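Q: Once you have looked at the hints, place chain E on chain R.
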Amino acid sequence: MNLIQIKKYFQSVPMATTIDVAEHFKTQPVEIKCYVEHWEHKGLLKKCITKNKCGSCSLCDFDLLQHYKWSTKVA
Amino acid sequence: MKKIALLGNPNCGKTTLFNALTKKRNKVANWAGVTVEVATAAYSKNLEIIDLPGCYSICHADTSGAIDEMIAANYLFNNKVDFIVNIIDSSNLVRSLYLTTQLLELELPTIIIVNKVDLLKNTTINIESLAKSLKPYAIISACTNDPKDIINIKHMLENKMLNTQKQKLKPILCFSDEIKNCIEKVQQSLALDEAEITASKQAIAINILSGNKIKNIKTESLYNTLDACRKKLQIESQEDMDIVIAQARYDFIKSIMPKIEIKQKTEKENDPVTKRLDDILTHKYLGIISLMCIMYFLFFFALSTASSVQQLFSNIGEVFLITGTATILNKLNSPDIFNIFLIHGLGQGITTLLSFIPIVFTMFYSINFLEETGYMPRAAFVTDRLMRILHLPGKAFIPLLIGFSCNVPAIIATRTLETKRDRIIAGIMTPFMLCNARLAVFAIFASTFFPTYPSVIIFSLYITGVIVAIITGFILCRFIIPGDIQPLIMELPPYQIPKQKTIIANSLTKTVKFCFRVGKYIVGLSGIISILSSVSYEYHGATKTLLEIIGANITPMFNGIGVSNDNWPASVAIIAGIVAKETVIITLSQLYNGSLNNITTLPSDFWAYAIDNIQNSFMLLVPFYKASHNEINSSLQANLKMFFTNNSNVIAYLFFNLLYMPCISTIITFAKETNWRWAMFSATWSLSIAYLIASLILKLTNMATENILVISVTVIAIALNIIISKRIAQKEIKNESGHEFNSN
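Chains as they are written, first to last, in the working numbering: chain R, 1 to 75; chain E, 1 to 744.
Simulated from the structure, these hints should not be mistaken for lab results.
Take the hints with a grain of salt, since some may be wrong.
Stated by the list, open to error - Covered by chain R, according to a simulated footprint, are these stretches of chain E (three or more residues, beta-carbon under 8 Å): (1) 90-100; (2) 244-257.
As the list claims (entries may be wrong) - Partner residues are not named here, just some residues of chain E that face chain R (Cβ under 8 Å, in silico): (3) Y56; (4) E239; (5) N559.
This structure is a prediction, so every number in the text was calculated from the model and none was measured.
Don't be surprised by glycine CBs; every beta carbon is placed ideally from N, CA and C.
Okay, chain E solo, but in the shape it has when bound:
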């Protein structure tokens, strides 16, 4: 019985063809590695078809020990095969032809089927040219799912099977003369029992020369010949034999590819909408204006949509988690430390988290929406131009873009930058990007103090972050670690209409992840706050809790940025924010409530109170009702209004929170990616900048004279930072040599 072997790369359609030819139902799927063993079935009375596992090469050394590939290779070299059907995946022609060049060396009758031609986008394959290049082997273009094509393949197969005896096969060898000489020498030294072996002596010689072991073939006698050949070729190329041979194959494929694969205009070039939109959105000047408009609209949409349901979420939390818990604990007469932990700690923390949810979700939704449309790479492209004008590495924009989501993966993303210098610069710039954690804090402040234009405040915070990052990068590039700039090359995909289902699912997943992350901090903070609030001492003639004493002692450090002494929770929140930025608003909410002890009266009928409150919250979703009841109901918002007495203090506090020190995870990640010296520089630099900008805002809005000292001190701190970091850079360049520092 004659045997036909089906061979090709994984997921090229071998089993589909096998099933179509043999009427079997072996498992097929759209991923690689489905067939992992040899499957055989009868095609006709005297013809058997063998479905071999997918492989990229029949040289074992190339496979890093993949078992399925070894099965295919071993079968070919150790069994009698009469005919080969090589299936080529047209979407990955070079990779497929690499295997083809090896199969043709076997000198067996072979049919080459170019499969999946129906899936080709913007490319056509010239079958005639391919046939010419691989003459005398038969080539057919097909789609193995199409019954008509299967009939054609069957005809070709039967026809070729009849004519195999007449066909004189000339092997295609794509090697240089030196390699060919070596192959011949090994071939002459080979002693094979040809009845047992399918493969040609030539194919076996090439494999042995590549350093592969072939089952049942002893190479001990060939040692001297092989050694001499390898030495000769390796001395010439300074590489392993298998690489020299592989490169020769690729060179051959590269030489025939221009005639075979004809590229058409891309989808983007053909799409008039993409072209027209890109004329505006990637325009030199209009692009930047469009970017700003789009970002502003994004915040406007996110904040206005979220604010309508924020009150409902907040009220649900306050009714059930604060008042409900207080009612139960009151009935149980529980101890004070327990009450503080559950009501002011956990209850208040989770209520604040609930009020975050709408804004976090709408922000994730808006950003996902932009990503789905294909606008984000354009935003990178537009900003790159601006960055290059300022002599900054264009590629650094990618980590900065990721920084809008979270600074930690953004710092990890700096690994993509080619030089150590660029990685340091991008890593120091990244924490100025307004991440989602800080966004939640700013959204609450903006909707409390600037209810008519919260999006303007958020937008200006984003812009300030970007500007400070650019200035920081500029100072670093020009004065601290000068060097060459690297270009940004990225693909601009065509625009597409976003799929709502995908965006909503994605935004929900991210919101849930955000809530769990914040949830961990709430529990921890609640524990610390309840312990610190339950321990009291005599302080300046009055009994105060430990938390109040700590707050009172650290607050003078923040007087210069508008935090008054009685607003000590604001300074404690800044310190808590170093752990994680989300904790700023949670700490504020817990401390304000704890210090005010505002749950003094509990409702006599809890359920009537709850129903009434929730009903009112739902009514607030109705625009007319909302207009007539436009008042702040959230206790956090009321407390914020009480402690932050004027808007300039609020703005200074917000800008300070935007710029001061990255969170601890970001600092650690940056230290791991570079070293602790640069991580400390990043922390002190951002702290100095934050002090300077916040105190300048106060100075400009209040015309206050007392913070001139703060401004002077921060300017000196910034100057010191520059001097110290320049010394760090010089020392590192000296230690690593300039070339290494500017390479990796």
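Chain R with its partners taken away, still in its complex shape:
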């Protein structure tokens, strides 16, 4: 799994979390995180505002639950 494969994955889905990507590549979310951040810094991956958290608890890593969407326009 590398930057290009991750780009292709995001281009193929409407939106996804780091966990979704990790699940797709059968790896750990922490290993995906840096690649996702790389595309985010490049301005091609946008954070989506979603309300889909299960509630108020803070037990899960919210960075991993953040939804991203591929964008062709660089900010």
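A: Relative to the frame of chain R, chain E by itself:
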């Protein structure tokens, strides 16, 4: 004067180190982006320290124009820097090392400080291995908040500063031979004034090759070389140069990471309580039994706690908002339409809302409590197994879980599912989840008609919702849109003792939001009801209000589910419930009161009446007093008892309300997420199922023969629904091609 530049990712502790080394007091905070400009201070007579803004990369193209990152990069490439101190955030080693690989290409004397090692959980960093991998650069593990570590850093810094001349630096290049060749070609073509530039020719060449512009360096003369290199490398990799170079850096980091980062057993694995609890709560069979027990206890707690204060809230509303308003309006001799709007509309609506508050709060409290303990992901895990047996997408359980709170965000949450097919299935299943809006309606009915076991009724409604959702999903997956199932992967956090302060604050916020949402509908409904109630016509030889005529005309549609003709407010409430489910009970309360005109006698002394009533309500909180005065005081509850003559009618009405059509917001959201065809299918499907189940309940409890026709009609409607939806699915699969439909 020599210059030391502090560099690292945002929020890695650069300014903390800068302040400790220079005794300055620049602003530090625990979030990224605090330092946005270059700060300089003297370390000694001939040594200056420069605090640069945090950056993830010194390649401009990688930064999407972040100004603070550009400041750092421009400073490095355009100023004379003698020494670099690279601070690494140990909690995000890969990201930090990405910057490190770029800094080392500058071929400057560098110290690497691995910071925040004290915050590492379940991981240790092997500094020796890191030092070996990045040889000859010096590495130190530290915590920049610790004065002892600062002394160590100072010693190392002074020592290295003295020996910089002797140190022969060998750049670490993590690129393939093709990239290295290109770098060399660009390097040879570069004409630089080395006195002005800090960075090595190599670092500049890599940056130019990546497509970055470096201030004061003209690349026009390099056009042919760059073009040839880019073409060659891009043809090979089919990607932009900056990505090819970035990937090479990541590959290098990935190769050294296993030796550097040593994972220990996680907190969960080390925690015996979590392990023991999980043995039961996530067990194949015990897990499902535990889930049901926990959910039942949750409703029992919420309803029994709320019912003790519900009467107090309801009485306060009735005294001040209904009787109080009626007393004032009576004195003012206000017109009838105004009286209906304020007393039966607004007053009654807000009183009903007040009686919701305890149950809504206790429900939010209970759900928040479970979330805080860490049980909710386990509930998803346990249910996933069951869903997979039924060939349903396991991941669809997450939106369903959110549906217990509100169906609209749950429908939005279906976006997380990978295929369009899964999103449609989950979206159709979601409205069967009993949301908080419907819960308030059921809580009032359950405490009125089944005061001894209201939690059993609510629990069975929840379970029915889940079962109907599963059956719906099963039919969709097996017969309408078959496809592959996607696995559910989620983290199970360790259990923790919930913080009461957080739960109460959260529950209060959610309750207030709920009240405001319902408040909007109360005002709107009150207006409509008061207009419809004030217009009268001759109807079948009697003078009736427009509302009564509408009610009388639509009620026969609901006879099959136990709504009698004289109980027309119940059918109007069902229609109002399509707008928002909360409005069912508000509409009932307003229409019953309006139709009965039950405020015929007003108290002569309002304040004496109010004090007496409130005092009695407080007394009801005392268990012994409550036992001897266990009677229904709320006018809504009394009216419900009067209009719903037997319990089987009540149960049928409740099940119908649970399952019939999603609210209008949910339908619109689902249509936006999929299309109107599937939204209409969802509405008609749930309506048919609701009719079928409600009439079956009546048939089983009453043995009534007249609703056999209703049952037959609904069975035909369900069959038609299946046939039509199968055609919709086939048409969509044909239009989008099977692969697309099953992908996104």
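Q: Which of the numbered hints above does this structure break?
A: Hint 5 contradicted; others consistent.
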